[in-house]
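Enquirer: This is what each chain is made of:
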Amino acid sequence: MRAATTEVSQPSQAALSRRWFFNRKVVPILFVLPILLVNVTVVLGPSIGSIYFSLTEWNGIGLAKFIGLANFQAILTDKQYFHAFQNNLTWLLFFLTIPIALALLAASMIAPMRKGGLFFRALLFIPFILPSVITASIWKDLLQIDTGLGALAAKMGLPGLNIAYFGNLQTSLLSAAFVDNWHWWGFLMVLFLTAMQSVPTELYDAARIDGANRWNEFLHVTLPGISPTLVFMLLMTGIWSFLAFDYVWILTQGGPAGSSELLSVLVFKHAFQRFEAGYAAAIGLTMSFFAAIIISIFQILRKRGWEI
Amino acid sequence: MRHKISSRRTNSLLPNYVIVMLLVVFAIGPLIILLFNSVKSPSDAGQNLLGFPREIVWSNFPRAWTIGLFGTTVPNSLILMGGTVAGTLSLGGMAAYSIAKLKMPGAGLLTMYMLVSSSLPVQLFLVPLFFMWRKLDLVNNLFGLIIIYVATNAPFAIFLLRAYMVQIPNDFEDAARVDGAGEWGVFSHVVVPLSWPAFLTVGLVVSLNVWNEFLLASVFLTKQELFTVVTSYYSFSSAYSGRDWGLTSAGAVIMIAPLLILFLFLQRRFIEGLTQGGLKG
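Chains as they are written, first to last, in my numbering: chain A, 13 to 320; chain B, 48 to 328.
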């Protein structure tokens, strides 16, 4: 390209090198600058701001008063925070087991199919594309105490299931997790299915010749074959579990009596209902801290040679 | 011998189909019930929430459209969607082009930054962002929310577009450059037309993200005339749920019907785009 320009106009050496510098160094940066500016303004700047505001007492409107680490000291003795943190751990445990098991089951059932595999994959994926408000309202209806699935079970001779799932101290958190999972597991299934389909079929043939049954095949061929995807999704689940918000907020708003409160819900309430923006920023910062711990576990495993 | 193995294999797939069918009932059953409920009268739904409709009441749909304020919320959501898709595709596409094709100095650093930024939780930057946006008069402003959506969708868009552009042979661009095109010309007349499948995938995923987004929309748009379909449905369904199931179900069907129809036609692109986004983000 430069050769072509020289032949035509023969500009001076200095002009050429200025032009080269502009094309090679400035133009590429001009192309990324707009999106970088937008992202820094929306994500990075306020994230750094959060670090500052977490050290202040601030109602969100007036001036922020610097109070050092007082917010973090308050967190240490905040019973609501501790309770929400425990709920986040329950949430994490739920999402590390139930959706993974369901997705593994479905993917390993669909993977060997020669007919209908794509069709089932699409059907099971559909809940993932629905908005959270719709998913929540569908299940609120289905779990109605006197006309929903619980009532149906009671009518068919299974008493005890017709309870107010979202209004009960013991069940509110797990019910919200159940609804979130209904929308979520199909996504995991597709990821696992894609991974399973790239496991070489010779491995299955070899296992079969060795007399392996289906369970052995799953344990010794499928699971090792998809382990990079599996471990990666376990770690992502770990990160996302600390950020979960939509379903709990829409279904229970953290209630009743804080029984389904998550850290994200506390941030929301402190910032926008109790006007304690500084304290909210401090809670948000601890949430990122938990996510960062999980990311570092991920990095350590990688350094140890895990294929993630 | 080989024949025997494969025939044994097809026979033994029957339990697979049974189990998958049960899972399909779990995944799709609730949607079928929603569809049934959307044409039930209030008394029918009240007594018979899980069964077939006894009579079909189409009027739930026009009622839900009016009471659910879809006449104002659908345009709002479409504006947000259009603006975000346009912003993300143009600005993200430019950045992807620079990283993939122009050997941008510091490309590795930028990719790293985008990775980090895509894994930062909304709760971390939400509070300062809200108060900054309020100072700038960008709260209760569709354009203000579009900027936020462009920023949060950018990392995914850049990763996916870059991955596609890297595969385009350089010969095409070089030919255009020899013909005297500048980088902008190469980008808009050569690389963008060649990468349209990736742009389409990103556009679909971003549209879906915006249409479904709840947390940011409920924080940044608090005036009723600016509600999106999702935030408006949230207040609509809490007002009518338990009283008029036909009405809320019809509203839900209005909201998800376009999604399901699009998904039906473009399901592979949807699934691939969304799962790639999940893996990267």
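There's no promise every hint is true.
Stated by the list, open to error - With beta-carbon atoms standing in for the labels, derived distance ranges:
1. F78(A) to G227(B): 56 to 62 Å
2. L235(A) to R101(B): 45 to 51 Å
3. Q214(B) to R30(A): 56 to 62 Å
4. F84(A) to S285(B): 31 to 37 Å
5. Q214(B) to A166(A): 57 to 63 Å
6. S59(B) to A166(A): 34 to 40 Å
7. P240(A) to W231(B): 35 to 41 Å
To be verified - No farther apart than 25 Å at their CA atoms in a straight line, the calculated lysine-lysine pairs in the DSS-like style are these:
8. K182(B) to K77(A)
9. K281(A) to K150(B)
10. K150(B) to K37(A)
What the hints assert, rightly or not - To be clear about the criterion: a stretch of chain A counts as covered by chain B if any three or more of its residues have a C-beta under 8 Å from a C-beta of chain B, and this derived list gives those stretches:
11. 79-91
12. 96-108
13. 128-137
14. 150-157
15. 180-188
16. 194-205
Since the hints were derived computationally from the structure, they do not count as laboratory data.
If you're wondering where the values come from, they're calculated on a predicted model, not measured in any experiment.
Quick reminder that beta carbons are idealized off the backbone N, C-alpha and C, glycines included.
Enquirer: Could you run down the list of hints and mark each one as holding or not?
Expert: Structure-based check of all given hints:
no.	hint	in the structure
1	F78(A) to G227(B): 56 to 62 Å	holds (58 Å)
2	L235(A) to R101(B): 45 to 51 Å	holds (49 Å)
3	Q214(B) to R30(A): 56 to 62 Å	violated (33 Å)
4	F84(A) to S285(B): 31 to 37 Å	holds (35 Å)
5	Q214(B) to A166(A): 57 to 63 Å	holds (58 Å)
6	S59(B) to A166(A): 34 to 40 Å	holds (38 Å)
7	P240(A) to W231(B): 35 to 41 Å	holds (40 Å)
8	K182(B) to K77(A)	holds (18 Å)
9	K281(A) to K150(B)	violated (46 Å)
10	K150(B) to K37(A)	holds (9 Å)
11	79-91	violated (count 0)
12	96-108	violated (count 0)
13	128-137	holds (count 7)
14	150-157	holds (count 6)
15	180-188	violated (count 0)
16	194-205	holds (count 5)
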